[in-house]
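Chemist: Read off the chains here:
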Amino acid sequence: MAVKWTKKDLLGLETLSADEIGLILETADSFKEISQRPIKKVPTLRGQTVVLFFFEPSTRTRTSFELAAKRMSADMVNIQTNASSLTKGETLKDTAKNIEAMKVNIIIMRHSCSGAPQLLAESVSPSIINAGDGSHEHPTQGLLDIFTIKEHKKKIAGLNVSIIGDIAHSRVARSNIWGLTKMGAKVTVCGPATLMPPEIEKLGVKVTYDIKEAIEGADVINMLRIQLERQGQSLFPSIREYAMKFGLDAEKMKYAKKDVLIMHPGPINRGVEITPEVADGPYSVILEQVTNGIAVRMAVLYLVSGVKERIE
Amino acid sequence: MDIILKGGHVVDPANNVDSEADVLIKGDKIAQVGKNIKANGAKTIDCKGKLVFPGLIDMHTHLRQPGREDEETILTGSRAALKGGFTSVLCMANTNPAIDNKGVVEYIHAEASRAGLINVYTAAAVTKGLEGKELTEIGQIAEAGAKALSDDGKPVMNAEILRRALEYAKMSGLPIISHCEDINLSGNGVMNEGFVSTKLGLKGIPRASETVMVMRDMELAGLTGGKLHIAHLSAKESVEAVREAKKRGIKVTCETCPHYFTLTEEAVLGFNTKAKVNPPLKTKEDIAAVKKGLSDGTIDAIATDHAPHSAEEKDLEFDFAASGMIGLEFALSLANTELVKNKVLDWSGLAMKMSVNPSKILGLTGKGSLAAGSDADVTVFDPSAEWVVDEKRIESKSKNTPLAGRKMGGAVLITIVGGKIKYENGRFD
Ligand SMILES: [Zn+2]
Ligand SMILES: [Zn+2]
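Protein chains in written order, with the numbering used here: chain A, 273 to 584; chain B, 7 to 435.
Next comes chain A alone, as it looks inside the complex (with noise of 0.2 Å):
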């Protein structure tokens, strides 16, 4: 491929081209080996400082990014930390411009506010990878899914993928919709109208509140978190009718295709978004795209870090 990473950060797939996502995946495919050899280190980015600056709680991720890290070389360091506690004294800006001073490579953000790790690769010099941000985007999340969908699928052109939750609040939809759109698949979303955001079709999905509608045809669904509190917000009456509606269970399975794959970007609130026997069932690949997710977090290392040497 011809086209060169030229961005110091990555905050979402809206600024990416098609082009710049097939790199990343394309360098994911040639990390993906090492974690399946049995000395899983390779020394590409050693001598590099990777900070983890997460102001919202989060295992997968964090997890995800701090062994694609160790497994290029890294040195690396965990900052955990609520946003609220920042607004008190020190500004997101202050904080940063500390992590600056001790001349860091890699601040890998994650943070409750859509928009902060913007704010934060206009104010300092290290690169800003997002791992997501509010219901902003989750750029990682949205290239490890379109990493599954590919190596199973081939393509990804054409592909029907449906999006099925609670679109409004999911950084994960938004970055789905981004790449999957740019890349050429067709993108339908489903979800109660309460957690549909305004416009969205101009995104160039289509929209549908009627599950069946979003199941047949599918090539992908992924079906995303729904989170508990929003009940209390009065966005749907209760997580049973939830599960009734918008639940991904065996009887709707009926009208999936044959060759379907069933993704979920997890923690998995079993029995409400999916059912334990979908979620570990054959078409499922929820726990390919958590391997994948390393593959793909150490391409995106790998290109910001500006290394030119490839692995050998």
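Simulated crosslink set (DSSO-like; lysine-lysine; CA at most 27 Å straight-line): (1) A:K478 <-> B:K290; (2) B:K280 <-> A:K369; (3) A:K276 <-> A:K454; (4) B:K403 <-> A:K365; (5) A:K422 <-> A:K454; (6) A:K279 <-> B:K280; (7) B:K405 <-> A:K369; (8) A:K474 <-> B:K290; (9) A:K474 <-> B:K280; (10) A:K369 <-> B:K403; (11) B:K176 <-> B:K108; (12) B:K398 <-> A:K369; (13) A:K369 <-> B:K320; (14) B:K320 <-> A:K280; (15) B:K242 <-> A:K474; (16) A:K365 <-> B:K320; (17) B:K280 <-> A:K280; (18) B:K398 <-> A:K365; (19) B:K280 <-> A:K365.
No wet-lab data here; the hints were simulated from the structure.
Position chain B with the ligands relative to chain A; hints supplied.
Modeler: Leaving out everything else, chain B with the ligands in the frame of chain A:
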């Protein structure tokens, strides 16, 4: 010393003047407006090719004093006003402490005369501490000289309390200025709900949050016969609602702000906190509706909602950044570019919105007019001057504006308050 403004285009709609004339000022009053006035010994200012307006009145300004003098003071806000051609402002009550009793009203007036630059009028709170619960001592506040009542920054959510406020305020004749926002609908929204909020993953404020309250408040005005003025109208549906209510004979007036006929929600793209404002910036269709409302008389006034905020309050995650932008220094230029050049308003129409009507709504005497005997508050504007907004050259103590780098059409040359030249070509007196 007497002053004569020679040969300018005098725009004085209160007296049906919209033509070349001289304006003679004697002491603190206007002495005469007419052709070829002879005035021996008066300071003569050539105004050929310039516009001469009755001093502009901003009926919606946040001066931040007392409480946030790091963001603005009555003095720095007055300088910003002068540079923008405003000779009078109405300052809002959401200070700390709030302007919710006679004592604070008197304090503001005392500080304003110490600053000694412009006329500072006060809007006092409708409810104590702007909490929306108990009425302030409206009678005493009126006696202390407040010109309006407003909990601006917040709505009076309890309809019963607003109903009683409208009734009680009838005795003093003070208008109630309503910040129309349903706080339940707004929730923790931070920008207009629409495609841009969907793209950015920011929580949206639905447009109905404004309109339902505009409609509610107008019904209460109809019920009580009280004097209602709606602040910062921004949504198409709100403009339409006011138009209908006026047709039905409800006593209501309203204002919009320059940013609602200049900027759209797209200004927020890139998580630009300088474009975070409440009510939030909307769409092209809303701009068109606001302009139509201005030209057909539905919208009575243009006010700035000048809202200074420190860099620390803006340089944050979008969710945490303060809402509001400064506006005093840009309002007239924006109105020139967006409204006059686009033929939404003529010069007289603009003077109505920025001087005559605010004076009427607030019941000011001697303002908004260049008739002989009126207060000698005058703004001289050069509509063809061009300049670029530069943060370093902003007079306001706060620099929070999304307009930095924008080319402005027209500049204020001279601002005269009470017969004294307080501002002339970048210099203050
Ligand atoms: Zn307001
Ligand atoms: Zn205001």
